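K.L.:
In case you want the letters, here they are:
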Amino acid sequence: MVLDNKDTRNIWEKIGDFFSANSIWMKWYCTGCGAIEMPPTMTSRFDMERLGMGPMATPRQADVLLITGYLSTKTLRRVIYSYEQMNSPRYVVGFGSCTINGGIYYDSYATINQLDKYLPVDLYIAGCMPRPEAIMNGFNTLIEMIKKGEANGWRHYQENYDWYKKNQLESLGEVIIHDEFHE
Amino acid sequence: MMNSMNKLIDEIRVTLKPLEILVPADRQIACIVEPGEVHRALAYLKSSGFAQLSILTCVDWIEDGEFELVYILMNWNEGIHVQLRARIDRNEPVFNTITHIYPGARYYEREVHEFFGIEFKGNEDSYKPLFLERWDAIPPLRKDFDPQAYSDSKFPMRDRDRVFKSRIGGTEDERS
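Just so you know, the protein sequences line up as chains V and W, in that order. Each residue of the first sequence is one higher than the one before, starting from 1 at the first, in our numbering. Each residue of the second sequence is one higher than the one before, starting from 1 at the first, in our numbering.
Think of the hints as simulated: they come from the structure by calculation, not from any bench. Relax, there's no trap hidden among the hints.
In silico EDC-like links for lysine to aspartate or glutamate, alpha-carbon gap of 16 Å or less:
no.: 1; chain 1: V; residue 1: Lys117; chain 2: W; residue 2: Asp152
no.: 2; chain 1: W; residue 1: Lys154; chain 2: V; residue 2: Asp107
no.: 3; chain 1: V; residue 1: Lys148; chain 2: V; residue 2: Asp7
no.: 4; chain 1: W; residue 1: Lys128; chain 2: V; residue 2: Glu183
no.: 5; chain 1: W; residue 1: Lys128; chain 2: V; residue 2: Glu180
no.: 6; chain 1: V; residue 1: Lys74; chain 2: W; residue 2: Glu133
no.: 7; chain 1: W; residue 1: Lys128; chain 2: W; residue 2: Glu111
no.: 8; chain 1: W; residue 1: Lys46; chain 2: W; residue 2: Glu78
no.: 9; chain 1: V; residue 1: Lys74; chain 2: W; residue 2: Asp136
no.: 10; chain 1: V; residue 1: Lys117; chain 2: W; residue 2: Asp159
no.: 11; chain 1: W; residue 1: Lys143; chain 2: V; residue 2: Asp107
no.: 12; chain 1: W; residue 1: Lys154; chain 2: V; residue 2: Asp116
no.: 13; chain 1: W; residue 1: Lys143; chain 2: W; residue 2: Asp89
no.: 14; chain 1: V; residue 1: Lys74; chain 2: V; residue 2: Glu174
no.: 15; chain 1: W; residue 1: Lys7; chain 2: W; residue 2: Asp26
Predicted model, so just to flag it, every value in this text is computed and none were measured.
All chains should be built: construct the whole structure from the sequences, respecting the hints.
P.N.:
Spelled out as structure tokens, the structure:
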């Protein structure tokens with residue numbers, strides 16, 4: 001995925017980005033083992049809130065979708081629902097090697113191998129798992145990217161919706177499932 | 001403590017006439033029976049205190065051409081587990097339901113049908129999908145299923161030739 005990094009924002013969008021970068025609400029989609037790295041990141045030792053970041057309960061009120069680990073096809077469907085409920089501008093952070101190339105689940109029949117084919121990932125934090133230092137570093141980078149207007153994944157998703165949908169349907173068959181548990 | 005185990009083993013040996021009885025661990029009994037005997041054995045064990053069906057699962061013995069159904073029962077009064085095993089033909093994976101003995105087996109049979117493709121006659125739910133949404137290949141826990149090939153066909157791998165430039169600490173050009 002090649003993101004368009006040209007800064008085409010007007011002054012109001014720049015001001016909006018400056019303020020939203022300093023007040024980030026995150027939706028953690030704790031699918032994998034990475035979720036265990038979040039408590040030390042948000043509590044007193046590393047203290048995520050000094051960056052102005054905090055956890056949020058619902059996707060509709062969140063700015064960042066944090067995917068902490070592997071995604072099975074079943075959870076990927078729920079992640080896509082959640083992402084599409086979020087308001088723009090919205091950012092996706094892929095966390096750990098499972099979102100990058102499948103990690104140790106590269107040959108599993110149930111887990112996907114590459115998250116950015118299905119959702120626009122603004123930032124990957126590599127590692128298995130990344131330690132809280134790496135997470136804090138990644139959040140700093142995300143804040144800088146938002147301030148500079150480089151975190152354009154949500155725009156890329158709007159402009160290339162057909163490409164993302166095609167990949168989603170190729171791997172999942174259908175995104176919204178129709179069976180006895182969902183009707 | 002062991003007396004109750006020995007008494008139970010003797011009772012099972014007399015009543016069920018199993019092919020083999022094993023004691024894999026303390027307070028556990030494994031009992032291998034003919035597939036035709038499974039329902040009688042389960043009814044007998046349920047009436048003698050094994051009220052809980054802990055799990056119904058399956059093992060694929062592909063070299064022997066057989067599926068082995070495994071029923072694990074628990075007796076809450078004695079704290080004893082009994083494992084009942086029976087092998088059925090792999091080419092004709094059909095078995096009768098046990099939902100009239102243990103109604104909770106309804107979902108276990110559905111799971112075994114989904115992951116191993118065994119039909120359970122008499123349980124009309126067992127054909128419905130349970131965990132796997134829109135599964136489109138042979139049941140995934142059969143030994144002849146190739147997860148790598150399935151993963152390659154459905155979930156493309158990243159092109160490994162591509163070099164990723166780290167943003168953390170500057171881009172590659174900046175560092176060199």
